[in-house]
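S.K.: Following the hints, put chains B, C and D in place on chain A, whose structure we already have.
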Amino acid sequence: MGGAVGNAFAWDSYEACLGQTLGDRWDVLVEQGFWENTDFSQGRWADAFETDSSKFEFAGSQINALPAYNPVSPPGDESFYPLVLVPYDSMRLASGYIGSPPFLIKALEATILKGNDVLVEVNPATAAKYGLKDGRQATLSTPRGKAVVKVHVFDGIMPGVIAIARGLGHTAYDKFLAHKGASYNALSAVVEDPATGLDAAWGIRAKLGKA
Amino acid sequence: MFPFSFEWIWDAGHMVFMGGLWYALTIMGLGVTYCIIKAAVDASGENDGNHH
Amino acid sequence: MKHEKAKKFGMVIDLDKCTGCGTCMVACMAENNVPFREDDTDKLISVAWMRVYRLTNGKPFPHTEECFLPRPCMQCEGHDGHSPCVSVCPATATDYDMSTGIVSQIYTRCFGCRYCMAACPYHVRQFNWWDPLWPEKMTESLNPDVSVRMRGVVEKCSFCIHRYQTATQKANLEGRRELEEDEYQTACTQACPAGAITFGDLNNPGHAVHQMVKPDPNHGGRPKNPKAFRLLERLGTNPKVYYLSSRKWVRRAGDNYIRQEGSQNHS
Amino acid sequence: MDSALIPKGVKRCPTWQFVLWIGAVSGVLLWGVVAMVLIYFKGLNQTNMNNAYGFALWIWADLAVIALGGGAFFTGFLRYLVGKDELKNIVNYAVLVGFCCYVSALMILGFDIGQPLRGWFIFWHANVHSMLTEVAFCLSAYLGVLTIEYIPLILENRQINKVPFFHHLAHNMHEIMAVFAATGAFLSFFHQGSLGGVPGVLFARPFGYRTGVFVWPWTFFLFTWSAAACGPCFTIFITKLTEKIVGKKLVKDNVIELLAKISGWMLTGYIIAKIIDTVYWATVTAPSKGFAFMDFYTNNPGSIYGIWILIAEIGICGVIPAAILITDRGRKSKTALWLAVLLAIIGVCLNRWVMVLQVLAVPVLSFESWFTYFPSWQEIATTILPVALGTIVVSLSYRYLPVFPQERELNPYEPAADDVLEPETQELAEAELKPAQA
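Residue numbers (numbering that gives the first Met the number 0), protein chains in the order written: chain A, 0 to 210; chain B, 0 to 51; chain C, 0 to 266; chain D, 0 to 437.
In short, the hints are calculated from the structure, not lab data. Treat the hints with care, as some may be off.
[Unchecked claim] Taking lysine to any residue pairs in the SDA-like style, the calculated list, with each CA pair at most 25 angstroms apart, reads: (1) C:Lys58 to A:Val160; (2) C:Lys58 to D:Met293; (3) C:Lys42 to D:Glu367; (4) D:Lys41 to C:Phe35; (5) A:Lys128 to D:Pro300; (6) A:Lys209 to A:Tyr87.
[To be verified] If you want the footprint, here are the derived chain C segments under chain A, 3+ residues with CB under 8 angstroms: (7) 15 to 22; (8) 41 to 50; (9) 55 to 61.
The C-beta atom is built at its ideal place from N, Cα and C for all residues, glycine as well.
Chain A on its own, in the form it takes in the complex (with noise of 0.2 angstroms):
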């Protein structure tokens, strides 16, 4: 600090002026590197919303502005199509129209891809009901497409889940990306929120059946 800012500073430095603001509990975190306030209690949290819920609202219930929540499920005949598929990103693979380079589909896993099949995550317990196995080539379709996928068996995805990785089933681009995978844009359909109007639902119904 230096000037008229320095001049009107009424400290030496900003550590002095620290060490007299703060007294007691400057040493302390000097010493421990933080400081604890041993009086604080924390508020309750029914206390800290003025609302009908006691929760966090968008609106009050006094403005009425917006419609009931109303889940909106993904598009397609559950009897007919029993699973949901959802897409997810691969740390190795470009998900938007840019299509990835040579390297990564090289560095891409054997769980994604496997020859010129997308393999897509399906939990155990669903692989077993629909007598799926791991690494089998199968037929998943949705409303609005087809694609022939290979399964890859794994607890992390959620029963009643398919999940795909972004970013395959390009038509363009060099041979060692084009027409690799299926793409989830073209098995996939927008339902709108009718509230809003934008385009909603993370996922499309989905089958999933021995090819």
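M.R.: Positioned in the frame of chain A, the structure of chains B, C and D alone reads:
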């Protein structure tokens, strides 16, 4: 295989291994050479006998 | 010989930091002229010096956990340089360098018997089943410091030995005998965006790798850091790649245990 | 047509029949040659091997034929060094079969390397610490010994033997055959052993690794031992098979029984040693590396590598043939003898299979699973190729060379009018059989 290969070391491993190998090859070579020379000598002796 | 202590280059990979992004693989491929194939999805026939494994804890949803494990060459020391692969090579095409601790591979000496591949439990050694090919134009960006490999030979991660050679030459020209820690780093180490890979001389207490794992010289370099482990420690391969993980199941996945050993955890 | 080449006093099938047979086998040979050309020109991508299965069908075939060819060195050892004189009646055939086996082995090794033009590096830049170097050296040298042992037999062909030099050469080589047999036994001991050492020294492969003495793992000795035990069984098997095909007796029963008896006792010893080795490995070696015994036999797709394989190898194909061959009744019963030699052959082949392929199939990293492999047609064809070649060599040898010294005695035969011996050649015909009996 030969001491002039740069990876050759005069250690026990090389002496035992290559020693055994060259020993076997020498016996085989000498044995065959002996048979050939002796056969040539025998055959020529026989030819002489046939002449007379 | 006292004045120049043998080096033992090693790597520490922090699995808590690894995101599985694959940058190390890409950096390695670019640095070491690893060839491409149109279909490289069969990892058992494709060449990749660095490979990132995907581990799971085997628990059902929603308790499933994942961990990515990058695997370069372990540069095993075995006992006194008797690494699994070096001693088996019939044509002396691979060697354990006592001065750096790096396992070399001479591509023009290898005649492709693949005995070293059978000896290596980490699948580090890979065979060139095909003639090496690169995508169009990529041949122009090949690294001139690394030779390309012909069909029919075995290749593997070299800890970017060419970088060591370049750095040593530079230092010698400047009249120095010793390299600074940052003068020799592998391509994967420098590329890792998460800073998960650390590289240096395990024999040098000043180097980060030494401080991170605290190798125990009385037990073949076994880590004293309880968070650190090596792959297949029990086989006696004595690798120079260490892994760090705060998760017990990950550390345990690094080795094999028989059922009776169930609850205990090594180190 | 070719009667001038056929040994005197024995009957052979008509030429057309022989040509037909050779033609059929040559068809198979040609198939193998096509595969061989593909492999040499396109590389090892023609196989189904991969980076986990670097060793596969070929290495197994190599180890198996060498074990089976062990009949040559062991019979030679018994005949020339131990002095089991009766075995002179089968040693020619043992050498011939062994020769074919070793030619096969070297041929297959020739396919199996990624850079065949650099094959000589294994000799030139030899790493003496590698088991494979020892294999290559001893194998090639021993093939030399087998060639030396086979040459006199060729020289005894009716026409070749007329040349005095060849006649004497054959005679002289027989004279010092014990020297060659001793060298062969020495070389065989080491290459059979070092083939066992190949998986045995892999200390990072818990299924194959064995402790041992000095630089040699126990498998080193077990392989030599099993080759000496099962090789003669293969010699008996091939002899019996030849007898079946040509429809006559070629070797007297007492000769076969003697070889079977020695083989039986060798097999008994081997199986006991193998059981001890397996128990030690299962209870001490493998657990020290973190593997329970059953880890090696469970959780693999289709149970290809189930515990059945160990039961089959040691029990059914080890203990049973050993028990048959050491009993007088077992050896004398035709069916039991056939069964025993067949089981012993399967047993040793199974052992080699396990020690090559299962070593690589077992996952070592805890997060990997079993590796599977099935050979490509190119691999199968090139494995059958040397078998076809061996069949041709054996067929030609049987037809034109005095392989079985007892054949004339066992099959008295009245030559046809046009084949009546001229007095002059009669003398030579007598002489030609002498060296073989010497």
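S.K.: Evaluate each hint against the coordinates.
M.R.: Against the structure, the hints:
Under the criterion of a C-alpha separation no larger than 25 angstroms, the hint pairing Lys58 (chain C) with Val160 (chain A) is consistent with the structure, at around 17 angstroms. For the hint linking Lys58 (chain C) to Met293 (chain D), the alpha-carbon distance of about 23 angstroms falls within 25 angstroms, and the restraint holds. The suggested pairing of Lys42 (chain C) with Glu367 (chain D) holds, with an alpha-carbon distance near 13 angstroms, which does not exceed 25 angstroms. The hinted pair formed by Lys41 (chain D) and Phe35 (chain C) meets the criterion: a straight-line CA distance of about 17 angstroms does not exceed 25 angstroms.
Annotation: proposed proximity of Lys128 (chain A) to Pro300 (chain D) holds, straight-line Cα distance about 21 angstroms (limit 25 angstroms). Taking the CA atoms of Lys209 (chain A) and Tyr87 (chain A), the gap is near 23 angstroms; set against the 25 angstroms cutoff, the hint holds. Interface restraint, the segment 15 to 22 of chain C with chain A: holds (4 residues with C-beta to C-beta distance below 8 angstroms; minimum three). Closer than 8 angstroms: that is the beta-carbon criterion, and the segment 41 to 50 of chain C has 4 residues meeting it against chain A, so the requirement of 3 holds.
Requiring three or more residues with a Cβ within less than 8 angstroms of a Cβ of chain A, the coverage given for the segment 55 to 61 of chain C holds, as 6 such residues are present.
Hint check: no violations occur; every hint is consistent with the structure.
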